[in-house]
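Colleague: Given next are the chains, with one letter for each unit.
2 protein chains.
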Amino acid sequence: MGDKTHDNVLITRRRLLSMAGALGAGAVVAGLGPFSSGAGAGTAELAQKWPWPYMKLDPAETAEIAYNEWYRLFCGGAVISSIFGQLSKKAGEPYRSFPVDAFIFLEGGVSGWGTICGSNAGANIVTNLIIGPRISGSETGMLMGSELMDWYSNTALPVFVPKKPRVTAEIPTTTSNSPLCHISVGKWMKAADKELASPERKDRCARVTASMAYKVTELLNEWKDGKYVTFGEIPSAIYGITAQQNCNECHGENIPTPPAKKPEPAKPA
Amino acid sequence: MGDKTHDNVLITRRRLLSMAGALGAGAVVAGLGPFSSGAGAGTAELAQKWPWPYMKLDPAETAEIAYNEWYRLFCGGAVISSIFGQLSKKAGEPYRSFPVDAFIFLEGGVSGWGTICGSNAGANIVTNLIIGPRISGSETGMLMGSELMDWYSNTALPVFVPKKPRVTAEIPTTTSNSPLCHISVGKWMKAADKELASPERKDRCARVTASMAYKVTELLNEWKDGKYVTFGEIPSAIYGITAQQNCNECHGENIPTPPAKKPEPAKPA
Numbered sequence: 001m002g003d004k005t006h007d008n009v010l011i012t013r014r015r016l017l018s019m020a021g022a023l024g025a026g027a028v029v030a031g032l033g034p035f036s037s038g039a040g041a042g043t044a045e046l047a048q049k050w051p052w053p054y055m056k057l058d059p060a061e062t063a064e065i066a067y068n069e070w071y072r073l074f075c076g077g078a079v080i081s082s083i084f085g086q087l088s089k090k091a092g093e094p095y096r097s098f099p100v101d102a103f104i105f106l107e108g109g110v111s112g113w114g115t116i117c118g119s120n121a122g123a124n125i126v127t128n129l130i131i132g133p134r135i136s137g138s139e140t141g142m143l144m145g146s147e148l149m150d151w152y153s154n155t156a157l158p159v160f161v162p163k164k165p166r167v168t169a170e171i172p173t174t175t176s177n178s179p180l181c182h183i184s185v186g187k188w189m190k191a192a193d194k195e196l197a198s199p200e201r202k203d204r205c206a207r208v209t210a211s212m213a214y215k216v217t218e219l220l221n222e223w224k225d226g227k228y229v230t231f232g233e234i235p236s237a238i239y240g241i242t243a244q245q246n247c248n249e250c251h252g253e254n255i256p257t258p259p260a261k262k263p264e265p266a267k268p269a
Numbered sequence: 001m002g003d004k005t006h007d008n009v010l011i012t013r014r015r016l017l018s019m020a021g022a023l024g025a026g027a028v029v030a031g032l033g034p035f036s037s038g039a040g041a042g043t044a045e046l047a048q049k050w051p052w053p054y055m056k057l058d059p060a061e062t063a064e065i066a067y068n069e070w071y072r073l074f075c076g077g078a079v080i081s082s083i084f085g086q087l088s089k090k091a092g093e094p095y096r097s098f099p100v101d102a103f104i105f106l107e108g109g110v111s112g113w114g115t116i117c118g119s120n121a122g123a124n125i126v127t128n129l130i131i132g133p134r135i136s137g138s139e140t141g142m143l144m145g146s147e148l149m150d151w152y153s154n155t156a157l158p159v160f161v162p163k164k165p166r167v168t169a170e171i172p173t174t175t176s177n178s179p180l181c182h183i184s185v186g187k188w189m190k191a192a193d194k195e196l197a198s199p200e201r202k203d204r205c206a207r208v209t210a211s212m213a214y215k216v217t218e219l220l221n222e223w224k225d226g227k228y229v230t231f232g233e234i235p236s237a238i239y240g241i242t243a244q245q246n247c248n249e250c251h252g253e254n255i256p257t258p259p260a261k262k263p264e265p266a267k268p269a
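If you read the sequences in order, they're chains L and C.
Per my numbering, the very first residue in the first sequence carries number 1; after that it's consecutive.
Per my numbering, the very first residue in the second sequence carries number 1; after that it's consecutive.
If you're looking for bench data, these hints aren't it; they were derived computationally from the structure.
Relax, there's no trap hidden among the hints.
Identical chains share a label here; the pair holds if one copy fits it or two copies do between them.
Dumping the calculated SDA-like pairs for lysine to any residue here, alpha-carbon to alpha-carbon at most 25 angstroms:
{"hint": "1", "residue 1": "Lys187", "residue 2": "Asn254"}
{"hint": "2", "residue 1": "Lys261", "residue 2": "Ile238"}
{"hint": "3", "residue 1": "Lys190", "residue 2": "Pro263"}
{"hint": "4", "residue 1": "Lys190", "residue 2": "Asn248"}
{"hint": "5", "residue 1": "Lys49", "residue 2": "Tyr71"}
{"hint": "6", "residue 1": "Lys190", "residue 2": "Pro259"}
{"hint": "7", "residue 1": "Lys187", "residue 2": "Glu200"}
{"hint": "8", "residue 1": "Lys224", "residue 2": "Pro51"}
{"hint": "9", "residue 1": "Lys262", "residue 2": "Pro199"}
{"hint": "10", "residue 1": "Lys262", "residue 2": "Thr168"}
{"hint": "11", "residue 1": "Lys261", "residue 2": "Thr174"}
{"hint": "12", "residue 1": "Lys261", "residue 2": "Ala192"}
{"hint": "13", "residue 1": "Lys262", "residue 2": "Val167"}
{"hint": "14", "residue 1": "Lys190", "residue 2": "Pro256"}
{"hint": "15", "residue 1": "Lys56", "residue 2": "Phe231"}
{"hint": "16", "residue 1": "Lys89", "residue 2": "Gly42"}
{"hint": "17", "residue 1": "Lys187", "residue 2": "Pro263"}
{"hint": "18", "residue 1": "Lys90", "residue 2": "Pro53"}
{"hint": "19", "residue 1": "Lys190", "residue 2": "Cys250"}
{"hint": "20", "residue 1": "Lys262", "residue 2": "Glu200"}
{"hint": "21", "residue 1": "Lys49", "residue 2": "Gln86"}
{"hint": "22", "residue 1": "Lys187", "residue 2": "Lys262"}
{"hint": "23", "residue 1": "Lys90", "residue 2": "Glu45"}
{"hint": "24", "residue 1": "Lys227", "residue 2": "Thr155"}
{"hint": "25", "residue 1": "Lys262", "residue 2": "Asp193"}
{"hint": "26", "residue 1": "Lys190", "residue 2": "Lys262"}
{"hint": "27", "residue 1": "Lys262", "residue 2": "Ser198"}
{"hint": "28", "residue 1": "Lys163", "residue 2": "Ala192"}
{"hint": "29", "residue 1": "Lys187", "residue 2": "Cys250"}
Using the sequences plus the hints, can you model the full thing?
Modeller: Take a look at the structure:
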């Protein structure tokens, strides 16, 4: 259960629907929320209508922006800003009215708590906002976000090298086997023997952010061209619990088994 | 290191600035991003100007909305929707143009990956969007978000009982000692002996979401009244790595020590 393979990565519609059932059957209905009753208004209407307008972007240019934006907004904010900043100029609304700067709080796995790496959180915000959430009629935004977390977890990062690095020392690469900031940063700090406050650690995170911005843009461009086939999976549908896919790393050999479905009580005849 | 106490919870400005240094010194400068060069436009201007307009809300009513919204948008989306839906009606923009429905992807710790519980992610989105990110000049939104994650981790949840529960069986409470969905849901599933797809697990998560919406509203109301004093801490500033605060639970007794700061090389005279 602890090892992740890519033998079976194309999620089936059946599996997706079983996941939806596991998380909350009956919830897959769009447009019933407290926002749907409001009177029409330009941006407000655009913001909850999917997909958002998308023009293909240059992945390398996007990554350079993300690298530099990291030094202003950190990981999550920088991924969003690198893509929405360009689309704000090319397409205008609803990008211009999205409060990107607020997402600096994704830093350090949400305000330094080491939960989801902001690169992953930012990537999921981007794919779900542009392509749309699954209640809008397409599962692609969610599955692309999931694919990006899998890519992050299983790639030796950072892969992107900026044109003008702020730190010229060699930055080692590490594979996190996890979408979590604590594990990703911790493994890198151990491999590099550098503390959290070091310029090298900061530049490593800026380059990881840029690597993610590059990859998100590549996938969005494929999607725009109608060529995107998802590799995204929903782990909760596979494991019987919401989960990343490195069970052994925390549980050792003693991986708990989720409770099984109970038989229905016999009904009176 | 593994035990969390509340003996010293008021973060000092010095500690906060040291945290900012650890994460990326020099980045605490507002308004230099790619969005700042655009021409003025109503909602776009409002969206990145903080604080957003806030009118006090009824915590119990907000929690009821969140409970029911869980069955449409799950944890993260429901926390945001319960508060922004009301403020959208009371204050209009920039709430009306925020794409709440997209945040259904926070379900199951981000698309079923078990990372940050959506209640925590949603709460942080709400506090940082309303009060503002720390680059807007106030650290309160970030620290309130951090306080809410601490409250989530150290409280037997759910505390909120809806007026008309969809599941009438008793729902046990559990303390997660973690802001992560996998750990929070896993401990509850074990205590309740219920599988992920069970109606009880779903209603438990709906009630946890409602409990968080209640607590967020209480703190925002205090803030509106000028009475909010934060208990929020930034763990990365304390632990030398981005971290939740239950080290032993994954590491056992063998908790790694983060690399120490290296001495500066001697400079030529």
